[in-house]
Amino acid sequence: MSLPARVTTLVIAFLAVVAGVLFVALHFIGSQPPVEDYTPYASGGQVNVFLQTDPQTTVTDKPDWVTYFIQDPQTKQWVHTTYFAVPANTKVNVTILGYDGCTPLRNPYWGKVTGTMGNVENVSYFNGKTYSASTPISSFNSYAQCSVQHTFAIPGLGLNVPVASPTTVSENNNLCSVSPCVADNSSGALAPHTVVKFSFMTPKAGGTFRWQCFIPCGGGYLDGNGGPMGTPGYMMGQMEVQA
Amino acid sequence: MAADASSPAPAGATDGGRRDGLWLAVLWVILSAVCCVLVYFVWGPHLPPGDQSNSAASQQFDIKVLGTIATPVIVGVLLYFGWALTFWRQKPGDETDAAPIHGNARIQVTWITVTSAIVLGLAVFGTYELIAPAGAGGGEGPQPIWKPAGTVTASDTSWSPGTKNILQVQVIGQQWAWTYRYPQFGGFETTQLELPVNEPVQFNVTSLDVIHSFWAYQLGVKADANPDVNNVAYTTPQHTGQFVVRCDELCGIWHGAMYNYGEVVSDSAFMTWAQQTRTQLAAVTKLLPPYALTYDPTDISNLGKVNQQLGLTGAGGGYYNPADPEQP
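Heads up: the sequence lines are chains A and B, in that order. For the first sequence, the working numbering gives the first residue as 74, with consecutive numbering after it. For the second sequence, the working numbering gives the first residue as 18, with consecutive numbering after it.
Any given hint could be a false lead.
To be verified - Derived list of chain A stretches under chain B, where covered just means 3 residues or more per stretch with a C-beta under 8 Å from a C-beta of chain B: (1) 169-181; (2) 197-208; (3) 276-287.
Since the hints were made in silico from the structure, they are not lab data. No experiment lies behind these values; they were computed from the predicted model shown. All C-beta atoms in this analysis are idealised placements derived from N, C-alpha and C, irrespective of residue type, glycine included.
Kindly produce the complete structure, drawing on both the sequences and the hints.
This is the structure we're talking about:
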């Protein structure tokens with residue numbers, strides 16, 4: 074091979090390596106889910122945040138991964154993200170629509186509601202036809218009952234909220250099949266789910282707080298801890314508190 | 018060195034009759050003595066991890082001793098380096114080589130003897146420092162050889178200050194948080210780590226999922242948290258105050274956020290906290306599995322039982338399938 078050919082080959086190989094590194098850096102490391110900014114929508118020292126859990130993610134190339142969605146405060150559309158922003162020193166009223174089925178907690182300790190106002194969450198059950206009255210619950214026994222599907226926990230704030238699940242066999246075997254679970258596309262009706270409501274105060278100082286699910290729900294991965302459990306935008310995310 | 022190869026200068030004497038070897042030796046002894054005192058007595062008390070516990074103080078002492086031993090070596094290297102830069106610079110136009118050295122039995126014997134003595138001495142010192150403070154705060158595995166002197170495990174179900182009965186604290190790692198169980202107070206579990214001052218503590222460290230590492234920095238305690246393994250570590254807090262607990266084993270995407278704070282308090286404050294927490298957490302304590310030294314999520318009784326009884330086809334224990342991942 075001539076000298077020019079060798080130099081050309083070397084340059085091309087070098088550029089290919091650089092391109093590969095840049096692709097990995099930008100595609101996997103540099104990208105993050107969009108942030109749903111609730112800050113402008115706070116009033117009277119309060120802000121309302123809406124999330125939902127889904128048993129699948131049919132809007133991505135990981136359709137068998139469980140996931141959270143967050144509602145865009147302006148368009149009211151469900152966005153596949155787990156990043157949201159709220160103002161500091163504000164009462165955050167969270168509503169989680171729990172569309173997934175029940176799973177025992179790996180550590181039953183996370184069945185206790187902590188860090189919310191009153192250390193309770195208010196739960197209403199939708200069986201496919203009607204909503205039950207919303208009742209306050211302070212702890213769940215996921216081993217004796219089909220009662221919990223995921224958790225919403227912000228360890229930095231001491232917040233832990235088990236997300237209640239539908240409780241009956243028929244409900245759990247007829248979960249929403251298309252995400253986001255606004256309506257079950259096959260029947261055009263809402264699938265069985267729970268409505269979990271709770272409130273907590275954001276700290277006076279700003280900061281970024283990670284949140285996560287404490288049920289290892291990465292099915293098919295070692296001990297359930299991979300996949301959606303370790304990928305931003307699915308079962309863990311960040312809450313930005315803006316001072 | 019600018020000496021003529023054909024007429025090498027006598028060892029220890031160079032330009033102008035200055036006895037470099039003697040000067041270096043004298044300066045080295047004086048500087049080493051001064052720096053050793055500074056390292057041990059001035060810098061030493063500020064070396065990590067502090068002295069909040071006996072194991073931390075033990076580690077700090079070890080670092081002080083090692084630092085003091087290393088000081089003459091560092092001083093010697095820097096002094097020789099500075100001396101060479103200052104006095105042994107090559108003069109313009111001087112391209113001669115230095116005088117060859119063809120071995121010196123006395124120096125070789127001295128070198129081997131001194132370095133061997135240092136290495137063997139450190140081996141003895143290190144072994145003693147590991148044994149005497151009951152493992153020096155490190156995890157000793159499920160069958161610890163060294164236990165704090167004068168302590169016994171008289172009761173796994175009760176504890177009071179001032180007795181030989183050692184306080185048991187179970188440390189449970191899970192992605193991505195630490196929780197702590199106190200079996201001698203009804204087995205409650207909490208995210209708070211509170212310890213009484215001047216009371217020996219036995220940490221029983223385990224994990225519910227992957228390998229973590231319990232690192233109570235200011236206490237000088239560090240023990241890997243392995244699933245299905247009880248890793249025992251001991252310490253005795255000496256001073257009240259806060260300490261940080263970190264995970265020191267890369268354990269997933271939120272490994273860096275897996276930390277919290279513990280606190281060493283007085284005996285009375287600890288007892289008050291323990292009794293209050295026991296009462297406050299009584300409802301959730303009932304839901305916990307019986308206290309055990311390890312927990313296997315695939316074996317916890319009733320796990321998924323309700324789901325299986327219901328005939329669920331989706332989740333329900335499926336996440337804990339020990340066969341996963343199917344394609345390792």
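How the hints compare with the structure:
| no. | hint | in the structure |
| --- | --- | --- |
| 1 | 169-181 | holds (count 8) |
| 2 | 197-208 | violated (count 0) |
| 3 | 276-287 | holds (count 3) |
Violated hint for the displayed structure: number 2, the only one.
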